[in-house]
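Residue numbers (my numbering), protein chains in the order written: chain A, 1 to 273; chain B, 1 to 273.
In case anyone wonders, no lab produced these hints; they're calculated from the structure. Here the structure is a predicted model, which means the values were calculated and not measured. Keep in mind that a hint or two might mislead.
The list treats identical chains as interchangeable, and a pair is accepted whether it falls inside one copy or across any two copies.
Said to hold, decoys possible - Below, in silico cross-link-like pairs of lysine to any residue (SDA-like), each with a Cα-Cα straight-line distance of 20 Å or less:
hint, residue 1, residue 2
1, 116, 96
2, 111, 95
3, 116, 83
4, 140, 49
5, 116, 98
6, 85, 96
7, 140, 172
8, 233, 221
9, 85, 18
There are 2 protein chains.
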Amino acid sequence: MSATNSYLINGSFNQAISPFDRGFSYGDGVFRTLKIINGQPQHWPQHYQKLVADCAAISIVSPSAELLISDMLQLFNPDEIAVAKIMITRGEGERGYAPPAVTTPTRVIIKSSLPKYAQSNYTQGVALHVCNTRLNAQPKLAGIKHMNRLENVLARMEWKSESIFDGLMLDAADNVIECTMSNIFARFGDDLITPDLSQCGVAGITRQQIIDHAKPLELNVKTAPLSIERLLKADEIVTCNSLYGAFQVNKIGTQLVHTADLAKRIRELLAHD
Amino acid sequence: MSATNSYLINGSFNQAISPFDRGFSYGDGVFRTLKIINGQPQHWPQHYQKLVADCAAISIVSPSAELLISDMLQLFNPDEIAVAKIMITRGEGERGYAPPAVTTPTRVIIKSSLPKYAQSNYTQGVALHVCNTRLNAQPKLAGIKHMNRLENVLARMEWKSESIFDGLMLDAADNVIECTMSNIFARFGDDLITPDLSQCGVAGITRQQIIDHAKPLELNVKTAPLSIERLLKADEIVTCNSLYGAFQVNKIGTQLVHTADLAKRIRELLAHD
């Protein structure tokens, strides 16, 4: 797991995390997962903007883009295809929730292999489990990709079958919010709905790119509450994230879902973004 | 911060945390804070029982009591008064929320100084800030002292004045739940109410000891929902945790609170438990 040169901590190899790091003690930090192609972080401006915003939401000053790019140049070869996980924590602190008056954020970049997605994910779509674990409402943390992810962990532990690609997560009121590692869109005629994330969920940058650049899809993109009952009546459903782009959903729980070409069109859209 | 011999990781000095540790990535772990007097962990059976239960709630198998006691014998001198923070995480794992099929929990014990509480905390009581940050409802994690503590961090960052001892945390429906680092009890005549923690909050062992051994107090101890409006009408209010025992609350926000001898009686109770 700790293969040589597979990660950098504060720009250096052969470092480790202090048990005093508040990322460890309290999950007091944020992260990003992005695709590296030929050594280049994909959609970097969007990822960096979101990293800065997520840090700011919990009063952490993000390291500069220059520093992170310099780290990535150290960590990834120019011909490499891989995944970068960037974690920024508030840094070290004594016991107790109050952060020190002055903190130095810890930055970690981990390299891992790009998952090998089954060809059928692209051609036939993917199946979702409906998670029993609900997402709680916390407007102060909603949308942020922070390091308090026990809900996602518990949700992901609910299934073991490899035929399930991701788990659909609802809030306490049966609204669809997202999947454990993906955002979700549902098409109803000419409307493309993605759940409102003002109370919970992670607002991924792929979701945002679809919202911002949907014009070629010729659909009315809307952010709105979306009940599970309504989702199951959608004409098409897609999941999305920064690593795979978009997949058509073909099954939710035991219910089959109609598939067409929306995920393919979104992948094309993202490729040109 | 990382003074020599101030912590043990998996029973060894001079270790650090891997960035692959799921405690770091996701806050995927639990912790305990306990007082060490003359090298002895206070109320150890209760702390260990709670540690095991909290681990089990998120499907981690806790290290044995023997292992933790052996760690504490290494870390604390027989004449030492200090604080032990025990953290147990799910262990290391690759990127992704799914834990590996086999995981080895990481155990960390950190030694720190016992906070120096002002004498006036004992004689006159303490003031509480009313936090703007609310505790979200998540029945699967309620009561557990897990490492997803961003809400407490955000709440604790709301005040800087040293005249404030702790912050009162409410749920979204204006029910009092706890303080950032303490539980709370309110006396109404012969009734002693502590908030119901079935939806959120941390069920501390001092709170549980008060519930279990309240007989000498000659009060009817009840766990019940408690609105902030009702709390402010209490005859007496006390906060409690494993380090200081119990303190009388003399002020909540700008409102003065009547004080009497409940905290003192609870401290006596805990000393004999």
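(request) State whether the alpha carbon distance between residue 85 and residue 18 is at most 20 Å within one copy, between copies, both, or neither. (result) both (19 Å within a copy, 14 Å between copies)
(message) For residue 233 and residue 221, with the copy left unspecified, which applies at a CA distance of at most 20 Å: within, between, both, or neither?
(response) For residue 233 and residue 221, only the intra-copy Cα distance (17 Å) is at most 20 Å; the inter-copy one is 50 Å.
(message) Reference check for the pair residue 140 and residue 49, CA-CA at most 20 Å: within, between, both, or neither?
(response) Within one copy only: 19 Å inside, 33 Å across.
(request) Can you give me the call for residue 116 and residue 98, within, between, both or neither, at a CA distance of at most 20 Å? (result) Cα proximity of residue 116 and residue 98: across copies only (16 Å, versus 42 Å in one copy).
(request) State whether the alpha carbon distance between residue 116 and residue 96 is at most 20 Å within one copy, between copies, both, or neither. (result) Between. Shortest inter-copy distance 14 Å satisfies the 20 Å Cα cut-off; intra-copy 42 Å does not.
(request) At 20 Å max between alpha carbons, let me know whether residue 140 reaches residue 172 within a copy, between copies, both or neither. (result) Close inside one copy (17 Å) and across copies (12 Å); limit 20 Å.
(message) Regarding residue 111 and residue 95, is the shortest C-alpha distance of 20 Å or less found within a copy, between copies, in both, or in neither?
(response) between (30 Å within a copy, 9 Å between copies)
(request) Could you place residue 85 and residue 96 in one of the four classes (within, between, both, neither) given a Cα distance threshold of 20 Å? (result) Cα proximity of residue 85 and residue 96: across copies only (10 Å, versus 28 Å in one copy).
(message) Reference check for the pair residue 116 and residue 83, CA-CA at most 20 Å: within, between, both, or neither?
(response) For residue 116 and residue 83, the Cα distance is within 20 Å only inside one copy (12 Å; across copies 47 Å).
Hint check: no violations occur; every hint is consistent with the structure.
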